[in-house]
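> Take a look at the letters that make up each chain.
6 protein chains.
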Amino acid sequence: MTRYEQGWRKLLEIDGQAGVAVTESLADIAPDLAKYVVEFAFGDIYQRPGLDLRSREIATIAALTALGTATPQLKVHIRGGLNVGLSRQEIVEVIMQMAVYAGFPAALNGLFAAKEVFAQGDEAGPSK
Amino acid sequence: MTRYEQGWRKLLEIDGQAGVAVTESLADIAPDLAKYVVEFAFGDIYQRPGLDLRSREIATIAALTALGTATPQLKVHIRGGLNVGLSRQEIVEVIMQMAVYAGFPAALNGLFAAKEVFAQGDEAGPSK
Amino acid sequence: MTRYEQGWRKLLEIDGQAGVAVTESLADIAPDLAKYVVEFAFGDIYQRPGLDLRSREIATIAALTALGTATPQLKVHIRGGLNVGLSRQEIVEVIMQMAVYAGFPAALNGLFAAKEVFAQGDEAGPSK
Amino acid sequence: MTRYEQGWRKLLEIDGQAGVAVTESLADIAPDLAKYVVEFAFGDIYQRPGLDLRSREIATIAALTALGTATPQLKVHIRGGLNVGLSRQEIVEVIMQMAVYAGFPAALNGLFAAKEVFAQGDEAGPSK
Amino acid sequence: MTRYEQGWRKLLEIDGQAGVAVTESLADIAPDLAKYVVEFAFGDIYQRPGLDLRSREIATIAALTALGTATPQLKVHIRGGLNVGLSRQEIVEVIMQMAVYAGFPAALNGLFAAKEVFAQGDEAGPSK
Amino acid sequence: MTRYEQGWRKLLEIDGQAGVAVTESLADIAPDLAKYVVEFAFGDIYQRPGLDLRSREIATIAALTALGTATPQLKVHIRGGLNVGLSRQEIVEVIMQMAVYAGFPAALNGLFAAKEVFAQGDEAGPSK
Numbered sequence: 313m314t315r316y317e318q319g320w321r322k323l324l325e326i327d328g329q330a331g332v333a334v335t336e337s338l339a340d341i342a343p344d345l346a347k348y349v350v351e352f353a354f355g356d357i358y359q360r361p362g363l364d365l366r367s368r369e370i371a372t373i374a375a376l377t378a379l380g381t382a383t384p385q386l387k388v389h390i391r392g393g394l395n396v397g398l399s400r401q402e403i404v405e406v407i408m409q410m411a412v413y414a415g416f417p418a419a420l421n422g423l424f425a426a427k428e429v430f431a432q433g434d435e436a437g438p439s440k
Numbered sequence: 313m314t315r316y317e318q319g320w321r322k323l324l325e326i327d328g329q330a331g332v333a334v335t336e337s338l339a340d341i342a343p344d345l346a347k348y349v350v351e352f353a354f355g356d357i358y359q360r361p362g363l364d365l366r367s368r369e370i371a372t373i374a375a376l377t378a379l380g381t382a383t384p385q386l387k388v389h390i391r392g393g394l395n396v397g398l399s400r401q402e403i404v405e406v407i408m409q410m411a412v413y414a415g416f417p418a419a420l421n422g423l424f425a426a427k428e429v430f431a432q433g434d435e436a437g438p439s440k
Numbered sequence: 313m314t315r316y317e318q319g320w321r322k323l324l325e326i327d328g329q330a331g332v333a334v335t336e337s338l339a340d341i342a343p344d345l346a347k348y349v350v351e352f353a354f355g356d357i358y359q360r361p362g363l364d365l366r367s368r369e370i371a372t373i374a375a376l377t378a379l380g381t382a383t384p385q386l387k388v389h390i391r392g393g394l395n396v397g398l399s400r401q402e403i404v405e406v407i408m409q410m411a412v413y414a415g416f417p418a419a420l421n422g423l424f425a426a427k428e429v430f431a432q433g434d435e436a437g438p439s440k
Numbered sequence: 313m314t315r316y317e318q319g320w321r322k323l324l325e326i327d328g329q330a331g332v333a334v335t336e337s338l339a340d341i342a343p344d345l346a347k348y349v350v351e352f353a354f355g356d357i358y359q360r361p362g363l364d365l366r367s368r369e370i371a372t373i374a375a376l377t378a379l380g381t382a383t384p385q386l387k388v389h390i391r392g393g394l395n396v397g398l399s400r401q402e403i404v405e406v407i408m409q410m411a412v413y414a415g416f417p418a419a420l421n422g423l424f425a426a427k428e429v430f431a432q433g434d435e436a437g438p439s440k
Numbered sequence: 313m314t315r316y317e318q319g320w321r322k323l324l325e326i327d328g329q330a331g332v333a334v335t336e337s338l339a340d341i342a343p344d345l346a347k348y349v350v351e352f353a354f355g356d357i358y359q360r361p362g363l364d365l366r367s368r369e370i371a372t373i374a375a376l377t378a379l380g381t382a383t384p385q386l387k388v389h390i391r392g393g394l395n396v397g398l399s400r401q402e403i404v405e406v407i408m409q410m411a412v413y414a415g416f417p418a419a420l421n422g423l424f425a426a427k428e429v430f431a432q433g434d435e436a437g438p439s440k
Numbered sequence: 313m314t315r316y317e318q319g320w321r322k323l324l325e326i327d328g329q330a331g332v333a334v335t336e337s338l339a340d341i342a343p344d345l346a347k348y349v350v351e352f353a354f355g356d357i358y359q360r361p362g363l364d365l366r367s368r369e370i371a372t373i374a375a376l377t378a379l380g381t382a383t384p385q386l387k388v389h390i391r392g393g394l395n396v397g398l399s400r401q402e403i404v405e406v407i408m409q410m411a412v413y414a415g416f417p418a419a420l421n422g423l424f425a426a427k428e429v430f431a432q433g434d435e436a437g438p439s440k
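Chains A, B, C, D, E and F, in that order, are what the protein sequence lines are.
Whatever position you read off the first sequence (first residue = 1), add 312 for the working numbering.
Whatever position you read off the second sequence (first residue = 1), add 312 for the working numbering.
Whatever position you read off the third sequence (first residue = 1), add 312 for the working numbering.
Whatever position you read off the fourth sequence (first residue = 1), add 312 for the working numbering.
Whatever position you read off the fifth sequence (first residue = 1), add 312 for the working numbering.
Whatever position you read off the sixth sequence (first residue = 1), add 312 for the working numbering.
Looking at chain A on its own, in the form it has when it is part of the complex (with noise of 0.2 Å):
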């Protein structure tokens, strides 16, 4: 299996389709940076063992949420993390958190991105 092949593999058992679209998003602009995407953090990093998805996930979480400067990807991830099993309760303590670190804006735009999440998924349907 090829690394790209690989890093497909993860981003779809992560993303889902959300990981999909944003490879799509840059067919028409810079294609190579989807394959580095799919090459790079989810060939060469998400599939590392050493660390479970679920703590990734976390990390991933709260990193965007401190950042502040990356929302569209921050939602991504949080649908990810529902994905690798985090609950929305495990989710949201992650994202508050981040008001020691990052003062409190930062935790209160991070929490309106994943209302907007969940909402979807409730929209979806019952499963998570």
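Just so you know, these hints were derived from the structure itself, not from any lab.
The model shown is predicted, which means the values in this text are computed figures rather than measured ones.
Beta carbons: idealized from backbone N, C-alpha and C, even for Gly.
Among these hints, one or two may not hold up.
[As the list claims (entries may be wrong)] Some, not all, of what chain B presents toward chain A, calculated at C-beta under 8 Å:
{"#": "1", "residue": "A353"}
{"#": "2", "residue": "I357"}
{"#": "3", "residue": "G362"}
{"#": "4", "residue": "S367"}
{"#": "5", "residue": "R368"}
{"#": "6", "residue": "A371"}
{"#": "7", "residue": "L376"}
{"#": "8", "residue": "Q409"}
{"#": "9", "residue": "M410"}
{"#": "10", "residue": "Y413"}
With chain A's structure known, arrange chains B, C, D, E and F on it following the hints.
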């Protein structure tokens, strides 16, 4: 038990002597901020149910690595991560993953901080 | 008076209805964060003696403009600044000065936020 | 020729109508900041010898992509880059490279900004 | 009086010898940036009516604490704040408040900077 | 030639011995991150056609100056810029320009980094 007492207990459990040192360093300039660290960060946030301490330290290490502006606090929490049961390997994985979300310099500088903390642990003799 | 009551009073004094709206927006996802905003931000910090509210709002407007990641909160505090006695001109001066410390885009985007807040004030009729 | 006149000429050369629009948007709230943009940014900095305009726009596009807090200004300078002779491909390369230094979300969001600017150029008919 | 002369006078009033040192440190690498600091930051911005110097220094100290990337400049402006009449207590309050907007690490690191500046003031003997 | 070999060649061409030192500094803590730096940053990104190395180093120096969180990496790339043909003057211009987009402190701290790198070059004797 007051918020302060709860927070102090939690601070000792997570950050140990390094956490005590932070509060002491504020004694002559802003003792109330030390009080808020204990009461709010540890007494309110870290003692919340709904997310285990291991996951909380993963979130904090990820965020501080990504922000890149808080090296002293990152070091305290790398030590804190070890204290609550993260392995060195898991901490390294969290920091490396930040290359994807905050760039390679953030990951590199986070790893250099971890290297210092681990080296101090080695000098202190076997244990963790 | 509890910390919550003190904080709520202070929140009303500074942010008025916009502050209430923030706490309400958290009700269904993270009501405890709304509680911490009231207790810690307003009950602990803003009620402290040693710095008047006018100066506190200058500090907040400056910081949120410089960070550039918290437009909704910046708008709340521009309104808050007017509420505690800053003039529009003073608020504009604070934001403009951020060009020196955080670059022209930060100052420009801060001014666009101020423009929106001032326009809402104009619609609401004469007063400030 | 005054600093203002020099700056205005340079602003027109680089940013064209989009630059004029920025100064106009400040007219009713902070006309002096528009004056400083013209005088300092364009009259002092961009007119300096020692670095060609192509290189200056590469630097600006890279920095605004990496910061991730200035999307409107990034769009103005992507257009500016085209105006001073950068190809779409070169601009895409600069933005993609930021994945290494500021993370993939910064590069993705920069590319989405570029996509919008390029689409407007396509609508405006053939030329660049 | 030229912009440079006005700016130099203002720089001396606010930052004193520390401001002079900044301009001198640029003499052999980028003397024109020193010129722009004097002309734009001090000659254009700080000399503007509409906001008193005390308020301007509050804004600058708040922003530099929140950004967390400019410790040397923060120290210069903590000294500057004392020079234009802020008390140590007021400066400490401004920095502490940043815990709410930029997180506790930003406030802690800002206070450590203040501690250094105040200690130098103590050594220099009684006065402020 | 593998991605690693291509990347290593490119890393040597751009960063020279300073780049090798970075990879070595990771050997005992996260050798795989050194591998990713070589493979992804240099083997994938820097070897791409479509943008010359001179322009790539301008972009990197601009971004790292603007971010203000990566001084060690900024120094490596200032050296790298000299290695691929940028003059000291051009590097100084790129850094100065960041005053417009990220504020004067970012530009000042970038210039202090450049000063150190240039001084080491002077000690090493004539050449660049």
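> Hints numbered earlier in the text: which of these fail when held up against the supplied structure?
Per hint list: zero violations.
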